[in-house]
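Using the hints provided, position chain X relative to the given structure of chain V.
Protein chains in written order, with our numbering: chain V, 5 to 235; chain X, 5 to 235.
For the record, the hints were derived by calculation from the structure and aren't laboratory data.
Owing to the predicted nature of the structure, the values given are computational and were not obtained by experimental measurement.
All C-beta atoms, glycine included, are put in the ideal place defined by N, C-alpha and C.
Incorrect hints may appear among the rest.
[Claimed, not checked] A few chain V positions that, by computed beta-carbon distances, are all more than 10 Å from chain X:
1. Pro7
2. Arg17
3. Ala214
4. Asp218
[What the hints assert, rightly or not] Facing chain X, a subset of chain V residues (Cβ under 7 Å, in silico):
5. Gly155
6. Asp162
7. Glu178
8. Tyr186
9. Gln189
10. Phe192
11. Arg196
12. Ala200
Spelled out from the first residue to the last, the chains are:
2 protein chains.
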Amino acid sequence: MSPFPVVFALYPRITQLDFTGPAEVLSRLPGARVVLASTTGGALPADGGIVFANVVPLSQVKECALLCVPGGFGCAAAMEDLVYLDNVRRLAAQARYVTSVCTGSLLLGAAGLLRGKRAACHWAFRELLPLFGAIPDPARVVRDGNLITGGGVTAGIDLALTVMNEIAGRDYAETVQLGIEYAPQPPFASGRPEEARAQVVAAARAWLDAVWPDRLAVARRAGAALPTGNA
Amino acid sequence: MSPFPVVFALYPRITQLDFTGPAEVLSRLPGARVVLASTTGGALPADGGIVFANVVPLSQVKECALLCVPGGFGCAAAMEDLVYLDNVRRLAAQARYVTSVCTGSLLLGAAGLLRGKRAACHWAFRELLPLFGAIPDPARVVRDGNLITGGGVTAGIDLALTVMNEIAGRDYAETVQLGIEYAPQPPFASGRPEEARAQVVAAARAWLDAVWPDRLAVARRAGAALPTGNA
Numbered sequence: 005m006s007p008f009p010v011v012f013a014l015y016p017r018i019t020q021l022d023f024t025g026p027a028e029v030l031s032r033l034p035g036a037r038v039v040l041a042s043t044t045g046g047a048l049p050a051d052g053g054i055v056f057a058n059v060v061p062l063s064q065v066k067e068c069a070l071l072c073v074p075g076g077f078g079c080a081a082a083m084e085d086l087v088y089l090d091n092v093r094r095l096a097a098q099a100r101y102v103t104s105v106c107t108g109s110l111l112l113g114a115a116g117l118l119r120g121k122r123a124a125c126h127w128a129f130r131e132l133l134p135l136f137g138a139i140p141d142p143a144r145v146v147r148d149g150n151l152i153t154g155g156g157v158t159a160g161i162d163l164a165l166t167v168m169n170e171i172a173g174r175d176y177a178e179t180v181q182l183g184i185e186y187a188p189q190p191p192f193a194s195g196r197p198e199e200a201r202a203q204v205v206a207a208a209r210a211w212l213d214a215v216w217p218d219r220l221a222v223a224r225r226a227g228a229a230l231p232t233g234n235a
Numbered sequence: 005m006s007p008f009p010v011v012f013a014l015y016p017r018i019t020q021l022d023f024t025g026p027a028e029v030l031s032r033l034p035g036a037r038v039v040l041a042s043t044t045g046g047a048l049p050a051d052g053g054i055v056f057a058n059v060v061p062l063s064q065v066k067e068c069a070l071l072c073v074p075g076g077f078g079c080a081a082a083m084e085d086l087v088y089l090d091n092v093r094r095l096a097a098q099a100r101y102v103t104s105v106c107t108g109s110l111l112l113g114a115a116g117l118l119r120g121k122r123a124a125c126h127w128a129f130r131e132l133l134p135l136f137g138a139i140p141d142p143a144r145v146v147r148d149g150n151l152i153t154g155g156g157v158t159a160g161i162d163l164a165l166t167v168m169n170e171i172a173g174r175d176y177a178e179t180v181q182l183g184i185e186y187a188p189q190p191p192f193a194s195g196r197p198e199e200a201r202a203q204v205v206a207a208a209r210a211w212l213d214a215v216w217p218d219r220l221a222v223a224r225r226a227g228a229a230l231p232t233g234n235a
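Okay, chain V solo, but in the shape it has when bound:
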C-alpha cells in the first residue's frame, strides 16, 4: 500500500522522455511510488533504443492516485488496444489526477475521457483532438477539472511540477525544481512552430508525416469507435 501510486500507462514505441521527465519529478513526491505498466507487462521497448524492465501488466494495477498516459508513435496501435483503453478508463476513474503528455491525450480521447474537455497535445497532432470530442488548447499545460494534459514530450516536466505544486505546495515544488536544476536554456528558439523558422517547421512536419502518415485515418477510426452519448 503506497500513499501515492503514480501509474504510467505504457505501450511499445512510446517516447520515453514523455514519462521519464514526469517520473523524475513525481518520484520525489512524499509517499510516491512510480509504477510502469503496460497491457502485457514485462520488458517494454521505447522508441530510441531504451528498454524498460519490471513493467507490470495494467490489469494487475489496483491502486492509482495519479494516472499519466505518455505519447509516442506507438499510440497508433495503443488506440486500438481495447485492453489498454479499458484499463486506462478503470484507473482514471479512481485517480485524483488524470494526466497525459504529448500524443497521450489522443489515447485519453480514444478511451472516451476527453468529451467536452479542453486538452493539450503535441503541436503537430493537436488537430486530431476534436475527433474525440475534445477542445484543443495550445497551452503547454492545460487543466480541466482533475484532467491535466501537456504538450509535446518535454512539456511533461512542466506538467509534473504543476501537479506537484497542487499536491505538495509551492515551497515543495520549487525545492524539487531547484533539485533538478530546472532553469532551462534551450540553445535555439525553435521549440514551438510559432517561433521556429519556416524551413524547420516544414522539416519537422515532413519527418512526422513519414513516421506516421495515416494518423488522421487512425484517429478517425478510434473516434468513430467511441460509444455515443454523454458527449
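Leaving out everything else, chain X in the frame of chain V:
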C-alpha cells in the same frame, strides 16, 4: 557496426533523467545507436523506481562515438568502482565527444579526465570539482575541447541539443528541438540557487545533505587516489 554509438555509462542509483533526456535527443542523430552500459550489465535500478533492461557490461562496449556519464547519488559508489572508472577512461579515449550531466562530472574527475579542464556540475556539488584538478564553471553547458559537461539533471537536454548542433548542424538540431516541443515554461523561477528563494535553497541543501552527507570525504578520497602527474 553503428555509425554513431552513443554510450551512457550507468551505475545503480543513477538519476534517470540525467540520461533519458539526452538519450531522447541523441537517439534522433542520423546513425545513432543508444547503448546503456554498466559495470555488471543486466537490469539497472535508477533512483525513483524505474529499472532499465538490456544494460550491457561496460567491458563489452567496443565502440563509442559519444560518451555520456550521468549523475546521481550512486556516483559515490561509482567513484570507487575501479572497473567503472577504467572503462570510462577507455571509452573516453576513443570518443569524439566526452560528456557528463550533473554529478557525472565528478566521475569524469575521478577517472582523471578533468585535470586542468573547465567543467560544469550540479550547483550543489560544483565545489567538489577542484579535488579532481578541474575548474568549476557555473554555466549550464560548458565546453573545453571535446569535453562537454552539463549542470544538474535537466541540463542534459540543453547539452544534447548543443552537441547535436555541432554534429548534425543547426537546421537539424532546431528540427529535433521542435519535434520534442522544447519550449520550456518552468512553473517557478527556482531552478538555480541564484534565483530561488532563500528558504527553497536551504530546503534543497538540507535534502541533499541528508541523502549524501559524506560527499566531501568521498570526493577527497577519490581525488587523492588519482595518480599524480600530467595535472
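A quick look at each hint next to the structure:
no., hint, in the structure
1, Pro7, "holds, 14 Å"
2, Arg17, "holds, 12 Å"
3, Ala214, "holds, 12 Å"
4, Asp218, "holds, 19 Å"
5, Gly155, "holds, 5 Å"
6, Asp162, "holds, 5 Å"
7, Glu178, "holds, 4 Å"
8, Tyr186, "holds, 4 Å"
9, Gln189, "holds, 5 Å"
10, Phe192, "holds, 5 Å"
11, Arg196, "holds, 4 Å"
12, Ala200, "holds, 5 Å"
Comparing the model with each numbered hint stated earlier shows that all of them hold.
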